[in-house]
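Numbering of the sequence shown is given in UniProt numbering, commencing with residue 1 and proceeding in unit increments.
Keep in mind that the hints were calculated from the coordinates and are not lab data.
Just to be clear, a hint being listed does not mean it is correct.
As the list claims (entries may be wrong) - List time: in silico PhoX-like cross-link candidates among lysine-lysine, alpha-carbon distance up to 25 Å:
| # | residue 1 | residue 2 |
| --- | --- | --- |
| 1 | 131 | 31 |
| 2 | 106 | 131 |
| 3 | 106 | 46 |
| 4 | 131 | 142 |
| 5 | 29 | 146 |
| 6 | 46 | 142 |
| 7 | 46 | 146 |
| 8 | 146 | 31 |
| 9 | 46 | 131 |
| 10 | 146 | 106 |
| 11 | 106 | 29 |
| 12 | 106 | 133 |
| 13 | 131 | 29 |
| 14 | 31 | 106 |
| 15 | 106 | 142 |
| 16 | 146 | 131 |
| 17 | 133 | 146 |
| 18 | 46 | 31 |
| 19 | 46 | 133 |
| 20 | 46 | 29 |
| 21 | 142 | 31 |
| 22 | 133 | 29 |
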Amino acid sequence: MQNQTTHVHHITDIIKVMNGGIEFYQEAKNKLGNTMYQAFFDRMIKAKQEAATDLQPFAIDEQGEVELDNSTLVKAHQTYTKLLSNISGDSSAFTYIDQLEELEDKVLEELDHALVRNQPQDCEVTLRRIKVKMQECHDEMKALQKTAAQH
């Protein structure tokens, strides 16, 4: 019988990226105001909110409290995107979509980083379920990025 680990690893980092992603999608949604993107961004926000909520009990195990912060890397992407959209004007939709696709890459990278660690079984099951959902978000964003690049 395998020895069960009792400590979770890297969960708070995932939540920080999710929280940063939620903020970034909200900003893109407000900035672009395009109804075509609104429902899409809402789905991405909801998926990240659900994932962060599902991971909070493990964050409490990891650090003793709920994780409410966001990733400085995501903040850097937001700042970069604002700067670019101010410079380029009409390509701001593509600029946001491009950066949001990179955010999706980062989310998957953080999940993979946590999944290679020895996690308690309930945490690993949750991470794997979230990874499937976040892979779907990534694939949708990748498709949107290709469509946006053609316009």
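Status of the hints after comparison with the structure:
no.: 1; hint: 131 x 31; in the structure: 28 Å, violated
no.: 2; hint: 106 x 131; in the structure: 12 Å, holds
no.: 3; hint: 106 x 46; in the structure: 18 Å, holds
no.: 4; hint: 131 x 142; in the structure: 16 Å, holds
no.: 5; hint: 29 x 146; in the structure: 19 Å, holds
no.: 6; hint: 46 x 142; in the structure: 18 Å, holds
no.: 7; hint: 46 x 146; in the structure: 23 Å, holds
no.: 8; hint: 146 x 31; in the structure: 20 Å, holds
no.: 9; hint: 46 x 131; in the structure: 15 Å, holds
no.: 10; hint: 146 x 106; in the structure: 18 Å, holds
no.: 11; hint: 106 x 29; in the structure: 20 Å, holds
no.: 12; hint: 106 x 133; in the structure: 14 Å, holds
no.: 13; hint: 131 x 29; in the structure: 24 Å, holds
no.: 14; hint: 31 x 106; in the structure: 22 Å, holds
no.: 15; hint: 106 x 142; in the structure: 13 Å, holds
no.: 16; hint: 146 x 131; in the structure: 22 Å, holds
no.: 17; hint: 133 x 146; in the structure: 20 Å, holds
no.: 18; hint: 46 x 31; in the structure: 18 Å, holds
no.: 19; hint: 46 x 133; in the structure: 11 Å, holds
no.: 20; hint: 46 x 29; in the structure: 13 Å, holds
no.: 21; hint: 142 x 31; in the structure: 20 Å, holds
no.: 22; hint: 133 x 29; in the structure: 21 Å, holds
Checked against the numbered hints given earlier, the structure breaks only hint 1 and satisfies all the rest.
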